[in-house]
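Novice: Here the structure of chain C is known, so what remains is to put chain Y in place on it, guided by the hints.
Just so you know, the sequences run in chain order C and Y.
Each residue of the first sequence is one higher than the one before, starting from 1 at the first, in this note's numbering.
Each residue of the second sequence is one higher than the one before, starting from 1 at the first, in this note's numbering.
The set of hints was computed from the structure by calculation and includes no laboratory data.
Please note that the accuracy of each hint is not assured.
Once the Cα atoms are required to be at most 25 Å apart in a straight line, the calculated SDA-like pairs of lysine to any residue come out as [stated by the list, open to error]:
| id | chain 1 | residue 1 | chain 2 | residue 2 |
| --- | --- | --- | --- | --- |
| 1 | Y | LYS53 | C | ALA494 |
| 2 | C | LYS493 | Y | MET70 |
| 3 | C | LYS533 | Y | GLY125 |
| 4 | Y | LYS3 | C | PRO302 |
| 5 | C | LYS478 | Y | ILE118 |
| 6 | C | LYS417 | Y | GLU78 |
| 7 | C | LYS358 | C | ASN107 |
All of these numbers come straight from a predicted model, not from anything done at the bench.
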Amino acid sequence: MKANNNTTIRICMGTGGIAAGGAEVLNAFKKELNLAGIKANIEKNCSMHKVGCRGLCAKDVLVDVIINDEKTTYQFIKSDMVPRIVKEHIIEKTPVIDWVVGEDYHNFHKKQFKVVLSDCGSIDPEDITAYIGVKGYEAAKKVLISLKPEEVVEIIKSSGLRGRGGAGFPTGVKWEIAMKQDSKQKYLICNADEGDPGAFMDRSVIEGNPHAVIEGMIIGAYTIGADKGYVYIRAEYPLAVERLKKALSDARENGFLGKGILGTKFNFDIKVKLGAGAFVCGEETALIASIEGQRGMPRAKPPFPVYHGLWGKPTVINNVETLANVPCIIRNGARWFASFGTEKSKGTKVFALTGKIKNSGLIEVPMGIPLREIIYDIGGGTESGKALKAVQTGGPSGGCIPADMLDTPVDFESLAKVGSIVGSGGMVVLDEDNCMVNMAQYFLQFTQMESCGKCVPCRIGTKRLLEILDRITKGKGKKGDIELLEKLSRDIKAASLCGLGQTAPNPVLSTIKYFRHEYEAHLQGKCPAAVCKELLTYYILEEFCNGCGACLRACPAGAITGEKKKPHFIDSEICIKCGACFDACKFKAVAKE
Amino acid sequence: MVKVTIDSKTIEVAEGTTVLEAARMLNIQIPTLCHHPKLTPFGGCRMCIVEVKGVPRPLTSCTTPVSEGMEVTTSSPEIEELRKTVLELILSDHPNDCMICEKAGDCTLQELAYFYGIKENRFAGERRVYEKRDGNPFIERDMEKCILCGRCVKVCEEVQGVEAIDFTYRGFKSKICPPFEKDLKCEFCGQCVAVCPTGALTGKMWALRGRQKDIKEVDTTCAYCGTGCNITLHVRANEVIRVTSKEDKWNEGWLCVKGRFGYTFINSPDRLKKPLIRIETKDEGRRTKDEKQEGISRPSSLVPHLSSLFREATWDEALDYTAQRLKEIKGKHGPDAIAGLSSARCTTEENYLFQKFVRAGLGTNNIDHCARL
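Isolated chain Y (complex conformation):
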């Protein structure tokens, strides 16, 4: 354990703890932009600089490990001056269009600009100009808003293991992008979007659906798979407009493409809400094998709508019907004529019950799972 003094408060922390972490344990606020508690320290934004007694120049608290007897001052007129200059420099190369930015109200840069009262900018000058041109349906990259904090690069490499993006170019033209500036082509997990402190990375489907202020947050569990990540639904006017995940839960705030972006089914008109029983054979609505081979497509007016193939039923009716058919098939062809295929969207308990049902109830070992590879 190492004893450090931060702003005259003393704390004992484990060796290897950074000054920033120790300060946060003491509830001392140090502004940061590039720091993310789950990612390796970067030290690029320079907002978290502090004075350390005996060291002639300010050090970034996010990268500096504590040492025995260290005396740290997190705020002084000189430090605040430097932070203000840094912030002004960042804002001098930023669109500053908070009025129409998706991230307004939830943006670290905006927050810091507010707290440092930056209205005028002494360093106004050239801004980087980029086109937004990604073809993917998930991630919107507005690189003019990028402050090159590197969080997206790190999360992609360290958490997701994909390494889809990295720093390119040098100097003022430095830019984060996929190789050879091609369109983003990755898993679209959106971890980068989740860690971006500005409006540079957002969800395409979030656009113009409402910002932070009108949102009601509802914590729930993702139903896509048995992993059961915690998710927070952002609800506006009784509609889910965004999904995020909280860092203090067991999945540490990380989500996959489905959990993060696959929420539009909730309000989809095609969403299945009641059991359906088929009234026509399935071939009725599809092209025949011959038609497929010959590449014949039916005019859409001739394709029967699902509603003409199914009819709505009650749960009781649907379950009775299913039980009756299973019994019939088992009686006629034996239990091995039946197979059960379970889903990764079910929980472990549900999967257990299902295999029990198939094995003990139906009497067959024909049981499998969609995620068994």
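Chain C extracted, bound-state conformation:
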């Protein structure tokens, strides 16, 4: 049993992987291999969007075992499973078939196309040589040494790259305006303040390939003529911050940042600024205020930051994913990038696929892909097997797309046309068991809490929207409430100061648009999805109840009565609708409606 020098083991070590026990798995491998006396590279793979499967965080910890270029991927690995893998697979060369990933895993990747995520998961994010090994920093070299800023602008413009932070403003145009500003001092800011609930695209990119973002920033800064850059990143992303800081210091050591980069006269350095957890600081003027040490409150535009930004100087703010796209465009050419996507939305987009979906995780798809393909081919359909009701895109600023519109192409224009947005890339799948009023209420709770308090429509308007939604879900809705919601939503959208308020009512408007009947049912005292507690009634189906008493014992309110082996009864007057009986019954004899 000789050690095999060509054995590589890749372990998911992103936030998802670590949460699932990645570090323990790594240690177990180290221990077992030491015991067995085998030399192998234990790479700390970036987590979720890793090779093939790494977007599939639902199946973490994922482990690749590569022997002589033959790759086997395992799913749901725990540290106590490691000895068997080492013994049977690495030593005896027989993969542990029981734990190898199934068809799901392969389908998940088949329809994806990875540009931004292409190296995420296959390279060690904490090793700059790994990035350089996959042509990293070559784009920056090309730009700094052989291209004029005008030429870079032309490439980015003709690639059709649009901002991935939500609004979809053409990146090349933004850079061009900044480039033309006559100012000694300009700034480039990378917006990594990803705050949408359920969105983790930017975190994964920084955790998986921080150097790509840095390289994008170097190219951007050279183009617009900035010598200072900031990465504004939320403090809630400790691993991303750590890897980013490591990457910045490595880049400095290797001469990619600092004075006279790559022997040219170009100077540029990047500071990391931690956000203190305010969602609104993702809005660019609030973000600037926050960097300046002010309370994160947006200001009215115009003037736009590209004319009057950080410390009053021309400032370009780009999203993480936008910047990570830039080196790929420079390396492969504008035409290559523009060959993906639709006429107006080029390239690919990373989405965080979550909710009631079988394969939840991070995906990258060409713009314009039908939503159906994402949900069924990549996501594998709903987790429960129940009928899909809608897909919520764009997080709290977005809207929902009902099941019968699943053929909608996913791009900026098409989603806007159906009342939703691409947004930063959250995609929440909802099935029959989701109540749409409840969902709108959830997002409004979030936006109301995160409103900065500056402008009236957002501060008070979203509160009133939430109050109306609250009373509807509690069965206390009044006639005219739906119309009032619509009116107030439209007014908030029109009168609010910043993007937060202007989009906060979207979840309400789009659920009313496509699921008005659910709102109407609530006004009549019924929640069709049986979610809204106050509108529920729990009762026992006598034909299924065998009187086992499990529900009676589970009920904390003493609302259930009944003799042994005879059908029980729930007193709805006493019932607190906690659902304990529903969960306790093994015979599906407890029903709710």
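Specialist: Same frame as chain C, now just chain Y:
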């Protein structure tokens, strides 16, 4: 210069002028709450929204600079609808107790509610509830009436340079308060009170002394120091109940704590109205050094009232007496035994005359001023 058209009227204004300023030059009224001409634009209340041709959404006129050829419509059914919604939202989170509010009759919010005819409120709901608890004697903060226009924050920062208050919390719970919600601890200049468009900030001493309707305004000059700020006394039943300052005067409406709140001396029973000549030595009425050291305090009944230490005199008598004593002291001890100390409450001219009197009249350079630091 930039040419803009507002409600079909064209005007040429300097670059950087806001749409609101240009509209006001044309005498076009646009409702505002958070705007203050002396403070940087805020754009929070959204009342001043206007339509700009070619821009899909309404813009706040207070923050939008004019641009060449801009066409602005300040009022349309859509704009008025939005303003009404905004106003209703503000009022849905306001005590609406104008009947007992100090600010009634002088309140911008009340005015706008009147002009927009808001009686019912479609958005009635939870209101913020706060306690009034400041210990200071000057500024009353009723934060339930605060509409978060931010004028107080700005005046404190931009004009006074004190930064005693700022926005705190988020969402519906947003609140303007001193750090850590402590009691207000500042200069109490009251600039915040002066710029507050509602009854959220008022003077404590104004309470229940009368409201706008009964007031006679008397313009005068503040006598506290040589700066000579313009002030307007609000007089009710021949009593000063409030002091404000007009924005179009040279001090731009700004005042300090003394000028704004230090007016109660006018009707104080202790106010000196006639010259007094001392009849007893001053130690008579005070504790001795030993008594002070030992912390002995006299029962108030034993402390002689000022009237037993002084007697009233006429101006002629007082001046003659003073001249006589100064001459005596100068003759006996020389002019340098005398010193003159002047006051910041005097005007520059008065101070000039005083030093002239001390130097040329008394013959000493022992002259100083209370504000010389």
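Novice: Are the hints correct? Go through all of them and say.
Specialist: Each hint tested on the structure:
1. LYS53/Y with ALA494/C: 15 Å, holds
2. LYS493/C with MET70/Y: This hinted pair holds, its Cα atoms lying about 24 Å apart.
3. LYS533/C with GLY125/Y: 22 Å, holds
4. LYS3/Y with PRO302/C: This hinted pair holds, its Cα atoms lying about 18 Å apart.
5. LYS478/C with ILE118/Y: 21 Å, holds
6. LYS417/C with GLU78/Y: 23 Å, holds
7. LYS358/C with ASN107/C: Holds, at roughly 12 Å.
Going down the numbered hints, you'll see the structure goes against none, and every one checks out.
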